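Colleague: Listed below are the residues making up each chain.
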Amino acid sequence: MQFDSPTSPHGHARTSVTRVMLRVIYALIPGIAAYIYFFGWGVAINILLACVVALVCEGAVLRARSRPVWPFITDGSAVVTAMLLALALPPLSPWWLTLCGTAFAIVIGKQLYGGLGYNPFNPAMLGYVMLLISFPLEMTSWTAPQMLLEVKLGLIDAASAIFAGRLPEGLPIDAFTMASPLDTLKTQLLLDQTVSNVIATSPIFGNIGGKGWEWISGGFLIGGLWLIYMKVISWHIPAAMLGALFTIAEIFYLIDANTHATPWFHLVSGATMLGAFFIATDPVSAATTNPGRLVYAAGIGILVYVIRAWGGYPDGVAFAVLLMNMTAPTIDYYFRPRVFGHDRK
Amino acid sequence: MSANLYHDGVDILHGQRRLWSFHGGIHPPQHKHESTNLPVIRAKLPERLILPLHQHIGEPAEPIVQVGDKVLKGQMIGRAQEFLSAPVHASTSGTVVDIGDYAVPHPSGLNATCIVIEPDGEDRGLEHPRVGDYLQLAPSALRNLIRDAGIVGLGGAGFPSYIKLNPGKLDGIDTLILNGIECEPYITCDDMLMREYPREIIAGLRVMQHALQARVCVIAIEDNKPEAFRALHDAALHEAGIDVILCPTVYPQGGEKQLIRVITGKEVPANGLAIHIGIVCHNVATALAVHRAVQDGQPLVSRYVTVTGGGVSQPRNLDVAFGTPVRDLIIQCGGDPAAVKRLVMGGPMMGYALHSDAVPVIKTTNCIIAATEADIVPPRPVMPCIRCGACADACPVMLLPQQLYWYAHTNDLDKVQEYNLFDCIECGCCSYVCPSNIPLVQYYRYAKGAIWIKEREHEQADIARQRHEFRLDRLAREKAEREARRRLKKASLAKNQDNTPHTEEAVDND
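Read top to bottom, the protein sequences are chains A and B. With the working numbering as the guide, the letters of the first sequence map in order to residues 1 to 345. With the working numbering as the guide, the letters of the second sequence map in order to residues 1 to 510.
Only chain A is shown next, with the shape it has when bound in the complex (with noise of 0.2 Å):
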């Protein structure tokens, strides 16, 4: 008798690039959760319209590409980005806004590098990126929490202002919107007003950050702790980032606390917690070596704060993001574990 002879291992694990990505899917649901009750539907057709966007712009390039495109459209690494650069957008987008970030991202952030596995940058942080220098004011134009409504938007209204720019009983737009508390806390400490002040008049303000985001923020902190529970992620990235930001924060709000907001403020607000449990843990875009992802986790913490208090945008993730992926190849080659038997360097 012959038999077929592959080489050891002959087992292999339960996993695929497709569960790993599922369960990052499931693990965004809390907080996708929390910011539907707080932001209304917009931000669920959102999702929906990016994923579809994403999935028919993964498989035409794939097709172009003369790749594959079962495996590829089913590994959920196309959805994932869609999702994650539909909840950083207003939640009552024009529908042209999702669908030009998700192509940029899917076509060229990740298709044009080599598709699944070889884009330096993060797909949706590139995407979004590009929406925010491109169409600065529909990416500003966030809308208000729900309680802070005196009308409440439905699904069909949601979907009829997403899509045909139309609002129930002719009310224009800005009787939805609302610039973000990052964004308020920054106009406002740019009137001289301090953060206790900021805080205290305007209604966009909760307990410790924006009204509802800190709820949304819990949701992903929670879906987080799930995906290192699963090792779907490892501990590094999230705790060097929210690490690095939350001490800088404390330095400068231990220095004067009128003109910085505290650190808890800045862990709970704009997207720190999708940004340190779902978006710097993006794998292929990150540091891949423990040692080096604490580095480049830091430097992303670090990065938000500076771009929060100084830069000329609200929010610093994205760009955090992007700046530090263009080191990660560096600090991988600089910070590797030591090696089984070899002396300690």
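Simulated from the structure, these hints should not be mistaken for laboratory data. Since this is a predicted model, take the numbers as computed values, not measurements. For every residue, glycine included, the Cβ atom is placed at its ideal position computed from N, Cα and C. Don't take each hint at face value.
[To be verified] One side of the interface only, derived from the structure: several residues of chain A facing chain B at Cβ under 7 Å:
id, residue
1, S8
2, P9
3, G11
4, A13
5, V17
6, V20
7, P71
8, T74
9, L116
10, V284
11, T288
12, T327
13, T330
14, V339
15, G341
With chain A's structure known, arrange chain B on it following the hints.
Modeller: Chain B only, in chain A's frame:
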């Protein structure tokens, strides 16, 4: 039942020596209980025993019998060569019917020289001299005896044991570890051996201790073998200086460097040997073989082999005479070779797939897995690496498998060495956990092979260059010699022709 025993085991653990851990490792499904239900029996002798002369690491043995010779069980038929080698013995009585090339268990699937014996069915043994009290023997004489018994490491590597029983320049070693870890899934031959021969294993350990002048002995067993642990623990109760240790199950804890780390907390230096830090590791089955060689004068002619997998209806352990074809074992365990999808010799993590079921069991054969579809994961499409780092988390050597893959993939042989390719033990953990299903270990084997080929070419180029330089040297030397001779001749001619007149000219010529 086993849970209860395990509980007993835990009670015994009270006061156990401290254990360390190593980085990474995996917990694949065990599949061990399948082959421990039936008692161990002797495998039937086949029609023909095929005994390869190369069943160990080192030089193959040299045949010392001829076709037509009658041999007895335990008679040496292949002599160990000078340096690193081990002899081969007839595993039953019979007639040598052929000495030639046959399929042997080797990943290459190539043939190698074997001595074929037709058993006479009497299984008559050679009378061996007994040692009596081995403590009266000098360690070197003991080592010669163990070498002549053909004993090699039975854990799977097959390194000649007498070399690993030599403390070298040391007066004696610090710790002798007996490896009863058996961390690969499916394999249970050491488990059964420990359950059945705990006292003999300890007796063998004492012989090894004497040869190595070891201060401390440790027997390490994974906690998925509570029966074996209990047996050895009870047998060692009144023995001084022997620690029987239960270790939490994790693959690849049975790797020598990993086990040394777990037991002693020390790391064997890269490019170094365990003995350099005063530690030696032997397998439990090797200890038993040593005991039998010393106590009864029996050379190594058989071993326990686990025959398991979905392809056999009665998975079990068999006591197999070396040279028995794998096919016979599968049939004896109720298997149909035609229904087997893949035939693995060794465990699923590091064993190799056999090309044919005609190959014989040799000294290093611990397990035969007659794998069906259920035992092996069907090949899935290989996806691009997503740099998730699961491989690095699983690597027991703390390598960066993903970077090694990247450089092996692009054939950057300098970079793979910079990333310590040669520290890789090919345990397969990285491949096992890779979500992209990349056959990582295969890339490392390829890169190692490519580097060896390159080095050999380099050496050959060096030899060729040297030869060329020698030749140029020789030619120049010959030319110079010819020239000198010619001049000498010319000079003498000139002298003879006109001896008296032109003396000044002759001086000028000089």
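Colleague: Could you run down the list of hints and mark each one as holding or not?
Modeller: So, going through the hints one by one against the coordinates:
1. Using the Cβ-Cβ criterion of 7 Å, the hint placing S8 (chain A) at the interface with chain B is satisfied: the shortest such distance is roughly 5 Å.
2. Taking 7 Å as the C-beta contact cut-off toward chain B, the hint placing P9 (chain A) at the interface holds, the least distance being around 3 Å.
3. At its closest, the beta carbon of G11 (chain A) sits 5 Å from a beta carbon of chain B; the interface hint therefore holds under the 7 Å criterion.
4. For the restraint placing A13 (chain A) at the interface with chain B, the shortest Cβ-Cβ distance is roughly 5 Å, inside the 7 Å limit, so the hint holds.
5. Proximity of V17 (chain A) to chain B holds as hinted, the smallest CB-CB distance being about 5 Å (cut-off 7 Å).
6. With 7 Å as the threshold, the beta carbon of V20 (chain A) comes within range of chain B, its nearest partner Cβ sitting at about 5 Å, so the hint holds.
7. Taking 7 Å as the C-beta contact cut-off toward chain B, the hint placing P71 (chain A) at the interface holds, the least distance being around 5 Å.
8. The restraint placing T74 (chain A) at the interface with chain B is violated, with a minimum CB-CB distance near 11 Å, outside the 7 Å limit.
9. For L116 (chain A), the shortest C-beta to C-beta distance to chain B is roughly 5 Å, which falls under 7 Å, so the interface hint holds.
10. Look at V284 (chain A): its Cβ gets to within about 5 Å of chain B, closer than 7 Å, so that hint holds up.
11. This hint holds: T288 (chain A) has a C-beta 5 Å from the nearest C-beta of chain B, less than the 7 Å allowed.
12. Annotation: T327 (chain A) was flagged as interfacial toward chain B, and the flag is violated, the nearest CB pair being 15 Å apart, outside 7 Å.
13. Annotation: T330 (chain A) was flagged as interfacial toward chain B, and the flag is violated, the nearest CB pair being 13 Å apart, outside 7 Å.
14. Using the Cβ-Cβ criterion of 7 Å, the hint placing V339 (chain A) at the interface with chain B is satisfied: the shortest such distance is roughly 5 Å.
15. Look at G341 (chain A): its Cβ gets to within about 4 Å of chain B, closer than 7 Å, so that hint holds up.
Figure legend: structure checked against the earlier numbered hints; hints not met, in rising order: 8, 12 and 13.
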